[in-house]
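Whenever a hint applies, use it, and build me the whole structure from the sequences.
As a plain string of letters, each chain reads:
2 protein chains.
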Amino acid sequence: MEFITGIEEKEVLELSDLFKEGMPGKRVKVNGAVHAIRDMGTVAFVILRKRDGLVQCVYEEGATNFNLKDLKEAATVEVTGTLAESEKAPEGIEIRLEEITVLSEPAEPLPLPIAKWKLNTSLEAKLNYRPISLRNVRERAKFRIQEGIVRGFRDFLYGEGFTEIHTPKIGAKSAEGGANLFKLEYFHRPAILQQSPQFYKQMMVGVFDRVFETAPVFRAEKHNTKRHLNEYTSLDFEMGYIEGFEDIMAMETGFLQYAMKLLETEYAKELKILNIVLPKTDKIPAVRFDEIKRLVAEKYNRKIKNPFDLEPEEEILISRYAKEEWDADFVFVTHYPSKKRPFYAMDDPADPTFTLSFDLLFKGMEITTGGQRIHDYNALLEKMASRGMTEEGMEQYLSAFKYGMPPHGGLGIGMERLTMKLMDEDNVREATLFPRDLSRLEP
Amino acid sequence: MEFITGIEEKEVLELSDLFKEGMPGKRVKVNGAVHAIRDMGTVAFVILRKRDGLVQCVYEEGATNFNLKDLKEAATVEVTGTLAESEKAPEGIEIRLEEITVLSEPAEPLPLPIAKWKLNTSLEAKLNYRPISLRNVRERAKFRIQEGIVRGFRDFLYGEGFTEIHTPKIGAKSAEGGANLFKLEYFHRPAILQQSPQFYKQMMVGVFDRVFETAPVFRAEKHNTKRHLNEYTSLDFEMGYIEGFEDIMAMETGFLQYAMKLLETEYAKELKILNIVLPKTDKIPAVRFDEIKRLVAEKYNRKIKNPFDLEPEEEILISRYAKEEWDADFVFVTHYPSKKRPFYAMDDPADPTFTLSFDLLFKGMEITTGGQRIHDYNALLEKMASRGMTEEGMEQYLSAFKYGMPPHGGLGIGMERLTMKLMDEDNVREATLFPRDLSRLEP
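The listed protein sequences derive, respectively, from chains A and B. Going by our numbering, 110 is the number at position 110 of the first sequence; the sequence numbering is gapless. Going by our numbering, 382 is the number at position 382 of the second sequence; the sequence numbering is gapless.
No wet-lab data here; the hints were simulated from the structure. Incorrect hints may have been included.
Because identical chains share one entry, a pair is satisfied inside a single copy or across any pair of copies.
Straight-line C-alpha distance at most 25 Å; calculated BS3-like pairs for lysine-lysine [to be verified]:
id: 1; residue 1: K402; residue 2: K116
id: 2; residue 1: K69; residue 2: K402
id: 3; residue 1: K222; residue 2: K173
id: 4; residue 1: K173; residue 2: K183
id: 5; residue 1: K183; residue 2: K222
id: 6; residue 1: K10; residue 2: K20
id: 7; residue 1: K173; residue 2: K402
id: 8; residue 1: K126; residue 2: K402
id: 9; residue 1: K261; residue 2: K10
id: 10; residue 1: K126; residue 2: K173
id: 11; residue 1: K261; residue 2: K283
Note that this is a predicted model, so its numbers are computed, not measured.
Here you go:
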């Protein structure tokens, strides 16, 4: 028996340690993956990849206990050497190698030139070699940015009194949805994968007032576009005691402000690697659905084809309008037509053909759908009846309302879409570690 | 068009505002759910339930613009009144009601006495009325504790340089696992739900060195016990450049220390409600599988039936032993037999019939399985061949090793089990918002 007492300081240093004052001149031990070897003849540069960046090591024949020919790219090593300041080194410091110990070796040379600054490979190839292509410094930085977004979402909401929940992804078939649900067998009973935590988070508003979840959702949609995934991570929240659906937009704006600040302070390195200019979030325009449709039609000389929905092209024009007229990258489009919203959306008392709901567009793409929900039991039953829905399979959901629910609303944010647009990528798969689409079930 | 500028201060106060200095005597506006009405004749107590606790309101006939008879339990209201200090009020303050505005009303009286301190209802009834039973203050506190655990996991690991990842839950069928996988149809192709993010987090060690994920996993096991769920939340991490599997146990110990501290500081209210005494985590004993089996057999006069596995009864005795001999609630059991561990577990070079792996037991139950993994491509292929496994469907996983992987290991923690044991509950469903088991597919 021995006691484990927690983490201890290691002799092996992290990248951040190397940049501390007084370090140059010291003998240091560092580990990492051999990202690239640049052999210049009598001297060679061995670039180590660590989790927080690259570090240049200098190999001089005779000075090291190791023959450079025995070192392979993609090996992992532990090196010892003297830290030196160097104007020529990319980060201003380098390690003059004395010892190299190989921790592991690859069995074959890398199939992709991951040490290049930009991985000039097709998206298809990047996805086929996902565990390898992500070793490229720019590729992996995208998912550090994604981490920052999700972290910001949670931290902001914790601070606003939200409780984090974990709701089941396997469920019984219900009267809602249908065609877009993945079906599975659950111990000889038909079951589905949840397309959203909607019902669960609403039920939990009756318990915690304010809840959020960051979890996968599943949509069996046969879309094959640059903006659709069949499994994605949804950032969901739902809040009670709202005075109007503007409270929800205000909360989302607060999140975006918080997240951009977090990226600026904690993910500056990755923002620089990816050349990201963060969008302004101090004020986000909110404009009615019918109004912005008209404004866009007028300004860009366009006919309104479908008064009840936005076409992708219209979303792009709305964002263009918001940029040109209000200098805004984000724009809330409010009061969507009732017939295009789910049964639980609250209709606008002033005109029940519209709802107290909104989408948030970011650089031409919808990244959020949200709004106020019906909280009165009888109103909910009436709305369902008016749509010809039965209560089958929804008894538990409805019971939350039967036994009292506060006025409430919420939203869902597509994590991959938000990341994608922040990086100005044009395919959502660029912002997905392992995308699931019509053709892609692995890796 | 209007601009949304973020969250603004509201006139309606939160519970924490009421406890600020100088507040007694002030006129306050508060909202909440009517948790209980206690009518004493000329005076009545209206207990409001808010997300962070209860607040007592005093209704006096004539002083309020409202007839008490029109107020229903489970209604949600906004009240105005004068805040007063009161020795008799549970929290030392109360609101003397002047105005009540009903925000929403229930359609029927509550089916459970949720205002009781302890909800003396069967687990079955609690689960059948989940959205209602969780409104009980003790029931919901359990899931605030659960939030603290998950939050602690993430915050600790962010600080240790881990990157959060989101990996797909739908996957292709592979040579590993089989019987315990839920199957589904994915656009006319056979697919499964992942029983663990194991392969993905290992692949990502080659990218980020250290990764974690907090997400659902799915197990089609036909267990019907107090400790099994068919869907649960797994807290997973995987770390590269380890010097031995002790590094993983040290990291888990560090997490537990961090999480207990977080609960102590940020969730003191819930700890008190649930009467939780936090376990000691300053040092956790680690003892070999064969050694502890022998020690337990000796001390408790028990025959070793199966030398390769632990029976549930043995887990209980090991924890009893650890408590009696080392005053420990947690105990690491190390060096599990190789034949009981998955193919990717690293065998102990000193004796390859055992592995460099461990379980963490907490008060008699396994809450973690972890260990060092094989990182060498050829060693991995050999191990698979020795088990008669094919490489089919594992090409991507194996490619990560083919192109170089550092020594690494990791673990998975069952969120619900850890929560359950922390609260001294005896059924994992008590620590699950919406459990999925052999018979339960809703709510």
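Status of the hints after comparison with the structure:
Proximity of K402 to K116 under the C-alpha cut-off of 25 Å is restricted to the inter-copy arrangement: shortest distance 20 Å between copies versus 60 Å within a copy. For a Cα distance limit of 25 Å, the shortest separation of K69 from K402 across copies, 20 Å, qualifies, whereas the shortest one inside one copy, 74 Å, does not. Both within a single protomer and between protomers do K222 and K173 lie at most 25 Å apart by alpha-carbon distance, with minima of 20 Å and 21 Å respectively. Taking the closest pair of Cα atoms, K173 and K183 come within 25 Å of each other both inside a single copy (9 Å) and across two copies (16 Å).
Taking the shortest alpha-carbon separations for K183 and K222, both the intra-copy value of 14 Å and the inter-copy value of 20 Å come in at or below 25 Å. Taking identical chains as interchangeable, the C-alpha atoms of K10 and K20 lie at most 25 Å apart only when both belong to the same chain, with a minimum of 16 Å there against 45 Å between chains. Taking the shortest alpha-carbon separations for K173 and K402, only the intra-copy value of 21 Å comes in at or below 25 Å, while the best inter-copy value is 43 Å. Only between protomers do K126 and K402 lie at most 25 Å apart by alpha-carbon distance; the minimum there is 17 Å, versus 51 Å within a single protomer.
Only between protomers do K261 and K10 lie at most 25 Å apart by alpha-carbon distance; the minimum there is 24 Å, versus 32 Å within a single protomer. Within a single copy, K126 and K173 get their C-alpha atoms only as close as 37 Å, which misses the 25 Å cut-off; across copies the closest is 22 Å, which meets it. When the C-alpha separation of K261 and K283 is checked against a cutoff of 25 Å, the pair qualifies only within one copy, where the shortest distance is 15 Å, while the shortest distance between copies is 38 Å.
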